[in-house]
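Colleague: Those protein sequence lines, which keep their order, are chains A and B.
Residue 1 is where the first sequence starts when you use our numbering, and the numbers rise one by one after that.
Residue 1 is where the second sequence starts when you use our numbering, and the numbers rise one by one after that.
Source of the hints: derived by calculation from the structure; they are not laboratory data.
No experiment lies behind these values; they were computed from the predicted model shown.
A few of these clues could be false.
As the list claims (entries may be wrong) - When the alpha-carbon atoms are kept at most 25 Å apart in a straight line, the in silico PhoX-like pairs for lysine-lysine are as follows:
1. A:43 <-> A:27
2. A:43 <-> B:6
3. A:27 <-> B:6
Listed below are the residues making up each chain.
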Amino acid sequence: MIDGAISNRVRILRFHNGEMTQAELGKRIGVTRQTIAAIEAGKYSPSLEAAFRIAAVFEVPLDEVFQWEARTGK
Amino acid sequence: MPYKEKTAWLALLAMVVAFGPYFAIAATTPPDDMLPNLRQLSFFAIAVVVQLIILAIGHLLLRRSSPDEAGAPADERDRLIQQRAVTYAYHVLISGVIMVAIVMPFFTGGWAIVNAAIFMIVLAEFVSYGVTVGSYRRQS
Numbered sequence: 001m002i003d004g005a006i007s008n009r010v011r012i013l014r015f016h017n018g019e020m021t022q023a024e025l026g027k028r029i030g031v032t033r034q035t036i037a038a039i040e041a042g043k044y045s046p047s048l049e050a051a052f053r054i055a056a057v058f059e060v061p062l063d064e065v066f067q068w069e070a071r072t073g074k
Numbered sequence: 001m002p003y004k005e006k007t008a009w010l011a012l013l014a015m016v017v018a019f020g021p022y023f024a025i026a027a028t029t030p031p032d033d034m035l036p037n038l039r040q041l042s043f044f045a046i047a048v049v050v051q052l053i054i055l056a057i058g059h060l061l062l063r064r065s066s067p068d069e070a071g072a073p074a075d076e077r078d079r080l081i082q083q084r085a086v087t088y089a090y091h092v093l094i095s096g097v098i099m100v101a102i103v104m105p106f107f108t109g110g111w112a113i114v115n116a117a118i119f120m121i122v123l124a125e126f127v128s129y130g131v132t133v134g135s136y137r138r139q140s
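Starting from the given sequences, assemble the full structure and let the hints guide the process.
Modeller: In structure tokens form, the structure reads like this:
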């Protein structure tokens, strides 16, 4: 299995969208403020559907919100 | 702290306060198997009533402190955590039921078996809420 980690730019995108609050973003995609906080901190990976919803809110492609960083093994 | 984590903490507290003394009494003064054993039945009823009172008051206070979160449906993370918690609890419950149903009748009887079954149910619930709290803590 390919090893890797998901990173995201949700915090930056919120900042560039008028410092949108976590609660507001959460409300628009149907999750709680705490879930947005967990996503931003990289402690929870959202479903594909929620990820697309976040991208739609910020009107950017999905890969501008979430990135996959593969770890090269030995 | 998410509302659902608060309710999980409340459930853990209610179980410890209500069933901690119940199992302490059951362990230190084993019930006899005379029928009907109203003393043992009353202990169990008291534990259940105490648990229900703590849960009712706790939920009322939590709803008052954050009414918006209380009314919000579970989101995808809540559902994932719930699934994980139920899976762990299921394994505990199944293991416990197998032990109580197959092993215990060879060694004991009556209320000892009933109490062991109740203990396994409470333990499974405890594991369920424990996993819930642990999952929210890890992701906060």
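Colleague: Could you run down the list of hints and mark each one as holding or not?
Modeller: Outcome of the hint check:
1. The straight-line distance between the Cα atoms of residue 43 of chain A and residue 27 of chain A is roughly 20 Å, inside the 25 Å bound, and the hint therefore holds.
2. At most 25 Å may separate the alpha-carbon atoms for a hinted pair to count; residue 43 of chain A and residue 6 of chain B meet this at roughly 19 Å.
3. Annotation: proposed proximity of residue 27 of chain A to residue 6 of chain B holds, straight-line Cα distance about 20 Å (limit 25 Å).
Every hint, counting from the list given before, is met by this structure.
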